[in-house]
Each structure stands twice: as structure tokens, then as C-alpha cells.
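**Student:** Residue-level listing of the chains:
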Amino acid sequence: AQKVTQTQTSISVMEKTTVTMDCVYETQDSSYFLFWYKQTASGEIVFLIRQDSYKKENATVGHYSLNFQKPKSSIGLIITATQIEDSAVYFCAMREPGTGGYKVVFGSGTRLLVSP
Amino acid sequence: AQTIHQWPVAEIKAVGSPLSLGCTIKGKSSPNLYWYWQATGGTLQQLFYSITVGQVESVVQLNLSASRPKDDQFILSTEKLLLSHSGFYLCAWSTGTGDERLFFGHGTKLSVL
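These protein sequence lines are chains A and B, in that order.
Residue numbers for the first sequence follow this note's numbering, so the first one is 924 and each next one is one higher.
Residue numbers for the second sequence follow this note's numbering, so the first one is 241 and each next one is one higher.
For the record, the hints were derived by calculation from the structure and aren't laboratory data.
These numbers were taken from a predicted model, which means no experiment stands behind them.
Note that beta-carbon positions come from the ideal geometry of N, C-alpha and C, so glycine has one too.
Hints are not guaranteed to be accurate.
[To be verified] Cβ-Cβ distance ranges computed for the label pairs, FRET-style:
1) 938(A) <-> 319(B): 42 to 52 Å
2) 938(A) <-> 298(B): 42 to 52 Å
3) 293(B) <-> 965(A): 43 to 53 Å
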């Protein structure tokens, strides 16, 4: 069965620094999709970035990038030059199109606090 | 541009009362639709998904049901609320064309007393 684990409950950083959030996953499939989402204080959830399992290159979007280590079943989110507005809860998620169909499993989330 | 609208924004209901939550997606035909539940400070638990009108798949049983009466509409309901139903309910959609990103509505905050 699919499982996504985020062990970091919360992280505090100073503005303009770089932060890495960890995520490990379990899957039976050879093909899967990994995502990171951000939930703001208002409850709004937005998609940030995605990694397809068959792609070796780490995805990058703006100041978000991924550290995909397939042998370790790990997909870390890296935020560079953090800003106050990056303060939010970050969720890692996985979809297995083969066995899971349209099931998308989320991790427990990591709360990021960026201070000036 | 596609938009997703969830209603109501918030509900306060009594234990044992019925519930109906809804969402509508505009600007996208035949979207895949999802319902998620989030306890306060918790993770997102997928409840249901639907890839076509009239067909809904249950992911986890929480004494809730879902229906998709129209291509752009997804309804979550129960005849009898439990205290454990309190939380944040989120509707989401994806294109179903390989881009598997989820686009979430703003959610409904449900308090069962």
C-alpha cells in the first residue's frame, strides 16, 4: 500500500535562507508521481511542484526544487531564498496510477515558519 | 480559466443531523473529482474520487457518501452526523489527461456539536 512519511513536524528559519523538507514514500509500483503542496493559514492548498518517477532530473519551479533520490524512496523539497510568505504547512503526496488508480496519499505535513 | 467553488464555507451542525456539502468546477469538461477530509492540524485523507458522471469510488469509509449528479458537480453527504465528522472538507479536481496535479477548493469547515 502507498505510504508517505514526513518526519519533520515543524521547521523555523530566517528569511532569505535555504530550507529542506524531507519526505519518504513506500510504493509497490515502478511508476508513480510525487507532489508537494502548500497550505496557507487561510486553509488554501496550492500545488507547488511535481516529480515523475521515471525522470532522473530533479524538478525545479521558481525558488522550489526537489531532491529526488529514487533508491532511497526520498523526495525532499528545497526552498531557496525563503520569504516571510513561505510560512505555511507543506505536504508531500504520491499517486500510483497503476495500483492506486486515482488514490492520492498525503504525508502528515511540515510546518515552516520564516522569520525576518 | 477553471474555477472551483465549494459551499458552504462553514457549517455548525448537531450530532445526528444530515449534511450536504458541494462543489462545482467551471471551465473544465470531464474533470476527475475528489473529496478530502482534514482534521485540525492533520493530514489530508482522501474520501472519494470520481472520474465520470454517476460513478464514485470510495477510498475510506467514514459513514459518508458522495455523488456526482453532473459533470461539474460533486456532492458529499450523510444522513446522520457524528462528532468525528468535524474538520475541514476539501473538494479538488484534476484534468485526467496525465497532468495529475490537484486543484483544491477553499474548503468547508464543519463543526459537529
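**Student:** Please list, smallest to largest, the hint numbers that this structure does not respect.
**Tutor:** Structure breaks hint 3 only.
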